[in-house]
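Participant: Sequences and hints are given; from them, build the entire structure.
Below are the chains, spelled out letter by letter.
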Amino acid sequence: MALDKNQIAQRIAQEVKNGYYVNLGIGIPTLVANYVRNDIEVEFQSENGVLGMGPFPYEGEEDADIINAGKQTITTLPGASFFDSATSFSMIRGKHVDLTILGAMEVADNGDIANWKIPGKMVKGMGGAMDLVASAENIIVAMMHTNKAGESKLLSTCSLPLTGVGCVKKIVTNLAVLEVTPDGFLLLERAPEVSIETIKNATEGKLIIPDHVPEMNL
Amino acid sequence: MITKKVNGVQEALQGVKSGMTMMLGGFGLSGIPENAIAELVRLNVNELTCISNNAGVDDFGLGLLLQKHQIKKMVSSYVGENAEFERQMLSGELDVELIPQGTLAERCRAAQGGFPAFYTPAGYGTEVAEGKETREFHGKMYVLEYAFDADFAFIKAWKGDAAGNLIFKGTARNFNPNMCGAAKITVAEVEELVPVGTLDPNQIHIPGIFVQRIFQGENYEKRIEQRTVRQKP
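Protein chains in written order, with our numbering: chain A, 1 to 218; chain B, 1 to 233.
In short, the hints are calculated from the structure, not lab data. Take these hints with a grain of salt, some might be off.
Said to hold, decoys possible - In silico negatives: residues of chain A with every beta carbon more than 10 Å from chain B:
#1 Gln10
#2 Leu31
#3 Pro57
#4 Met126
#5 Asp131
#6 Asn147
#7 Ala149
#8 Val165
#9 Lys169
#10 Leu186
#11 Leu187
Said to hold, decoys possible - 25 Å max Cα-Cα, derived SDA-like pairs, lysine to any residue:
#12 B:Lys222 / B:Ala38
#13 B:Lys159 / B:Pro201
#14 B:Lys169 / A:Lys148
#15 B:Lys222 / A:Pro57
#16 A:Lys148 / B:Lys222
#17 B:Lys222 / A:Ala80
#18 B:Lys232 / A:Gly54
This structure is a prediction, so every number in the text was calculated from the model and none was measured. For each residue, glycine too, the CB sits at the ideal point set by N, CA and C.
Facilitator: Printed below as a string of structure tokens:
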């Protein structure tokens, strides 16, 4: 069974370790916060200037001055801090943020990522994505393995304008967990009951298949 | 003490002319200089270049200036949520330069701090770096980006005093502190202009030296763009 978006988030949450500062992108990555073990210490950073993000506020307690990068009203947890945008990106570019989780339109088997622009369509901008992917040591991409037309999003070369080069380390899709290695996408895990053949057919880029590929443990 | 206080938004925006380059604080609609934007609309200055992370929504924030075709060029990192913006951009009426958010912030901070340019890894290998100088440091490639050169910075703070000292609240801080002192004239509007001496010097986010004019803002709407809540248990 291929994973749904919540299950992708659930699997990625296993990559969040004790003591991590984590930046979550918009979409599936936002859901990761719901599945992080509560016996570890983790702080979520939002690039608009908050560390220690909490859940959405209770109705009636929304504050226009406290939002996340998706412009949603949020709360803060004890120990939280606010800061300006330059400081926020010092955290990001300066490699103080331990893990970045973001979505993508395409990833290439050399770690290139495209997630901000489709030529001919309205371009909304890259926001903080280019800063994040250019700097983070540990980048996990959360996405569906194929696009709506059924075409692979794991490619030998990205066809869309790039957000960053050679930066993605790990990818969690609805079908598999893959690591980007110098030789291509290394298949680490497969979704429950998803065959290697299915993953192979859905992956256009170079895929390395070890002798044993365990099923994900959700 | 050197007094920066002016009597309201009209005095604060004296000298603003068509064709100028403006920095405007805010992330989404949070921490935007609502009073200064309203006055720019009233003054009907046009051909403006606006440096701001976002471009407002159709009927609020910088969207109000877009409605009246006062903006010639936007320099932003993300410009969704605005249909009029999209229309002007696609028709070629509006020039748009999209740059990475951290680069936007740093180009403000560089102008504030006297750095003409800096190297950043953001955008290397992408179309953002096309035509720009690149250089390798310790085996990694970086792109040369320049400090902004703006005529006015319009910023919004929570509290301030006549000396121009500022304190921000929550994530309404965002680009506002980085834009202070990053333009020839910085105009700060505050929700609460308090008597000099009441702000604790230990708690000041931006010292008054970075601010040329400060005034008590009025009628803040502080619109929420995405109201997200959870149910009480």
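Participant: Each of the hints needs a verdict: does it hold here or not?
Facilitator: Here's how the hints hold up against the structure:
no. : hint                : in the structure
1   : Gln10               : holds (19 Å)
2   : Leu31               : holds (14 Å)
3   : Pro57               : violated (6 Å)
4   : Met126              : violated (6 Å)
5   : Asp131              : violated (3 Å)
6   : Asn147              : holds (20 Å)
7   : Ala149              : holds (23 Å)
8   : Val165              : violated (4 Å)
9   : Lys169              : holds (16 Å)
10  : Leu186              : holds (23 Å)
11  : Leu187              : holds (26 Å)
12  : B:Lys222 / B:Ala38  : holds (14 Å)
13  : B:Lys159 / B:Pro201 : holds (13 Å)
14  : B:Lys169 / A:Lys148 : violated (42 Å)
15  : B:Lys222 / A:Pro57  : holds (17 Å)
16  : A:Lys148 / B:Lys222 : violated (38 Å)
17  : B:Lys222 / A:Ala80  : holds (23 Å)
18  : B:Lys232 / A:Gly54  : holds (15 Å)
Consistency note: the structure conflicts with the earlier hints numbered 3, 4, 5, 8, 14, 16.
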